[in-house]
Amino acid sequence: MTANTVAEKAETSAEFRPEGTAAKVWEALIATPAASVTMIAEAAGVSRPTATKALTAFAEAGHASRTPGGRSEEGRPLPDQWSAILVDTTPKEDDDVPPDTAADASIEDPTTPETEQQSTAISLADAMRLLEQEEARRTEAEAELARAQAEEEARRQQAAEALAKARRIEDTRRALTDLLNAVTTTYAALLSDDDTAFTTGLEAIYSGTTEVRKATRATQPKTTAGWGSARRGDRSTPRPLRPDVVAHLTKYPDLAFTANEIAKVLGRSSGAVANALDTLARNGEAELVSEHPNRFRAAKPQDA
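Per this note's numbering, the very first residue in the sequence shown carries number 1; after that it's consecutive.
The set of hints was computed from the structure by calculation and includes no laboratory data. It is possible that part of the hints are untrue.
As the list claims (entries may be wrong) - When the alpha-carbon atoms are kept at most 30 Å apart in a straight line, the in silico DSBU-like pairs for lysine-lysine are as follows: (1) 24 to 214; (2) 264 to 251; (3) 165 to 251; (4) 214 to 165; (5) 214 to 264; (6) 300 to 251; (7) 300 to 214; (8) 264 to 300; (9) 214 to 251; (10) 24 to 165.
All values derive from a computational prediction rather than experimental measurement.
All chains, please: the whole structure from these sequences, using the hints.
Next comes the structure, spelled out in structure tokens:
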């Protein structure tokens with residue numbers, strides 16, 4: 001086996017004999033078949049760019065072959081493999097024409113400017129791989145951005161609902177506390193026969209009852225008057241909506257709400273609230289800050 005290898009190398013050397021650093025690369029290529037550029041450069045004791053230039057020249061002259069490395073199981077690109085093309089140059093009996101040495105003459109120095117330009121130019125296969133990698137990266141990035149945006153929208157929705165609920169609870173507790181204080185004071189005035197304090201207390205109770213009803217309005221189920229109550233004249237007059245919407249936006253000047261969020265707080269339909277918000281935005285009393293879904297906030301003084 002060793003004798004055959006030596007003989008084959010001798011035949012090849014007789015046919016193709018590069019000079020300078022190219023000779024070292026050629027010897028390393030023969031000694032290490034199916035090797036990467038890095039392995040051949042280390043075996044030849046030359047730099048990787050020098051080995052690349054020489055191998056490219058060998059391949060163009062038909063003395064070397066390049067096999068694309070492909071990708072690993074993890075998707076990482078693998079280095080290309082280089083092998084020497086060893087041709088048997090023993091003359092045949094019916095060969096009257098001397099061997100063609102034009103190809104050998106073309107390989108004088110692999111470091112010529114033309115060879116250097118060809119070796120540094122990116123191949124079509126490499127360009128296609130880069131495009132595929134960029135397309136996959138871009139698709140993944142777009143999906144990640146869409147997921148982050150959806151999570152942010154959900155977080156803002158939850159934060160707005162939690163804030164509205166906390167405000168509702170606080171307003172209800174405050175109204176009930178004020179009402180309890182008014183009832184206690186009025187009851188004490190009644191026992192002490194203080195007419196003035198009693199009258200003042202009754203007014204405070206009336207006012208406190210109104211505040212409690214306003215604070216708990218969003219938590220009460222929405223009811224529709226039946227035919228009997230309408231016949232008795234108990235149907236309530238529709239309340240103006242825009243003042244309540246403005247009051248809600250003004251209470252939270254740094255937050256933006258959707259029509260559905262405000263409708264839940266006010267106990268009104270989301271369609272009516274949306275119409276009110278559009279009218280307020282046209283009048284300069286509210287500001288549309290985002291779309292899909294539409295979010296509004298109170299207009300700032302300089303924008304009013």
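Right, here's what the structure says about each hint:
| no. | hint | in the structure |
| --- | --- | --- |
| 1 | 24 to 214 | violated (93 Å) |
| 2 | 264 to 251 | holds (16 Å) |
| 3 | 165 to 251 | holds (14 Å) |
| 4 | 214 to 165 | holds (14 Å) |
| 5 | 214 to 264 | holds (13 Å) |
| 6 | 300 to 251 | holds (13 Å) |
| 7 | 300 to 214 | holds (26 Å) |
| 8 | 264 to 300 | holds (24 Å) |
| 9 | 214 to 251 | holds (14 Å) |
| 10 | 24 to 165 | violated (80 Å) |
Of the numbered hints listed earlier, those contradicted by the structure are 1 and 10.
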